[in-house]
Amino acid sequence: MSLGKTEVKYISRLTQIDVREEAVEGVAEKLSNILELFAQMEAADTKDVLPMAHPLDAVQRLRVDVVTEVDQHEKLQAIAPAVAEAHYLVPQVIE
Amino acid sequence: MMHNLTIKQMSEKLRAGEFTSVQLTQHYLDRIDQYDAELNAYITVTPELAISMAEEADRRIAAGEAELLTGIPVAHKDIFCTDGVKTSCASKMLDNFIAPYDANVVSLLKKVGMPILGKTNMDEFAMGSSSESSYYGPTKNPWDHKAVPGGSSGGAAAVIAAGLAPMATGTDTGGSIRQPAAFCGITGIKPTYGAVSRFGIIAYASSFDQAGPMTRSAEDSAWMLNAMAGFDERDSTSLERETPDYTAELDRSLKGLKVGVPAEYFGEGLDPEVSNIVKAAIDEVKKLGAEVVEVHLPNKALAVPSYYVLAPAEASSNLSRFDGVRFGYRCEQPKDLEDLYKRSRSEGFGEEVKRRIMVGAYALSAGYYDAYYLKAQKLRRMVRDDFIKAFESCDVIMGPVAPTTAFNIGEKSDDQVSMYLSDLYTIPVNLAGLPALSVPAGFAQERPVGLHIVGPYFSEAKLLNIGHQFQQVTDWHTKMPAQYQ
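Protein chains in written order, with my numbering: chain A, 1 to 95; chain B, 1 to 485.
I should point out that these hints are in silico values taken from the structure, not numbers from a laboratory.
Examples of chain B residues lying across from chain A (beta carbon under 10 angstroms, computed):
| hint | residue |
| --- | --- |
| 1 | 97 |
| 2 | 100 |
| 3 | 101 |
| 4 | 299 |
| 5 | 301 |
| 6 | 309 |
| 7 | 316 |
| 8 | 327 |
| 9 | 337 |
| 10 | 343 |
| 11 | 346 |
| 12 | 362 |
| 13 | 377 |
| 14 | 378 |
| 15 | 382 |
Simulated pairs of lysine-lysine, DSS-like, Cα-Cα distance not exceeding 27 angstroms:
| hint | chain 1 | residue 1 | chain 2 | residue 2 |
| --- | --- | --- | --- | --- |
| 16 | B | 110 | A | 75 |
| 17 | B | 13 | B | 479 |
| 18 | B | 479 | B | 279 |
| 19 | B | 389 | B | 300 |
| 20 | B | 13 | B | 111 |
| 21 | B | 389 | A | 47 |
| 22 | A | 75 | B | 86 |
| 23 | A | 47 | B | 300 |
| 24 | B | 335 | A | 5 |
| 25 | A | 30 | B | 300 |
| 26 | A | 9 | B | 335 |
| 27 | A | 30 | B | 412 |
| 28 | B | 286 | B | 255 |
| 29 | B | 300 | B | 279 |
| 30 | B | 92 | A | 75 |
| 31 | B | 92 | A | 30 |
| 32 | A | 5 | B | 412 |
| 33 | A | 75 | B | 111 |
| 34 | A | 9 | B | 92 |
| 35 | A | 5 | A | 30 |
All of these numbers come straight from a predicted model, not from anything done at the bench.
We treat Cβ as the ideally placed atom computed from N, Cα and C, and that holds for glycine.
Pulled out of the complex, with its shape left as it was, chain A reads as follows (with noise of 0.2 angstroms):
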């Protein structure tokens, strides 16, 4: 299967990844590279494999619902690109 233009834009909109007009066609024939490779997988027949999604089966652990975190805003705000009072900072969103 290959990409157009088209997806690409829906997929860049998807994951917030900016791709430059000039750089939509180059991206649509390597992920269509990708797609290719995908394709190997419709000759196998797995009309009754159940999906695996962790090796042993597993499921994932539940903990008790309690407060563990502790108050830590100012060591991990610190690395933040802009915060103001105890806040993250983005630009306006509401007028």
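Chain A is already provided as a structure; the job is to place chain B on it using the hints.
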């Protein structure tokens, strides 16, 4: 020379006072100074941290409170969060990221008293098989500077091969410990999925990611795995079982061991010289008393496409956290929130990472989920079941780690699919979550070749036993490139 000693010898000499941890650590720091500008195996070197940790280790040794690994330096792959140290995952996205906490593996090895020499180079976000996609430039293979060291733990493999660290941590999502170990002529083990905590390892594909040791010998790896493995409640897929002593079986005889050799492993695409070396290594194991039986892994060819659907799908979700808001790279002067997200991610991620996020998101998107993601999960079970069936008639499976020796820098960087296909022997093991070891087995075209030993779940001690016994009758693991001796 100190860097030619085994870990056990280093430990004995430290305790006997023949040298101190500070001297040993300084020896490696001097070698890094001397050689790493050319090799580019470290992203960050941490001399002050290393020496202060070595001083503390020396105090513990003097007080008689040392464990076997106390005072022996280690290099961490730059995917392990290290408190107060830049942890970049070889990405521009995290070039300014100083980790605010330690990964579980880092804190375990700190507790033992292993001085941290620095953080090793790798493929960006561990997505690659050559360490060429690093934001900090490619690492060179110490055996031949024209060649890649493999990947993604290429920096870790190179520092061991060149004697720029005695031990290194690595992670293996699709072969990222074993393939660079093979390409650089060192030993590396990927443990059973869940045996080593993933806490604090920057996530690529969470249902595959597994950390393990990279060292000169199987014996060294066994000691290091003892310190790395164990249940951790902060990793939701960490296995709740008692951690065995991985050194316990090292000296056991291989008499009666049943080695399965899959015919499918020696087919088309395998370099004939690599094939001969691997077969000769299996013959060596036979001489130690093992019996070789033929086994089959009929769905092996489906593993690569299945993995390249599942791992990027998980990556597309895991890497959504890099949005330019809480940490990492933020673009200049975003005009609105969407522009902030899009430009931060587009400018912060490299090409291969973007490609995998995009292909993964596509595989998960409406209308394609069943055809790609679900189908790949079904194939994952088929590949796993093949191994389980094969282990009914053998104890371990042996074969090549990679179809060729290390390729040249730049040779495959424009052809992703060809790079992906070079992981055909390692990926099935990750799909199944099994443990597997790579040990040096010889040289083809003057570049190292690895022997791949795959075992059933929790058979790490057995794999290390086989590796160790093999290394008692061979000396490939002791060889070093002439210029680094």
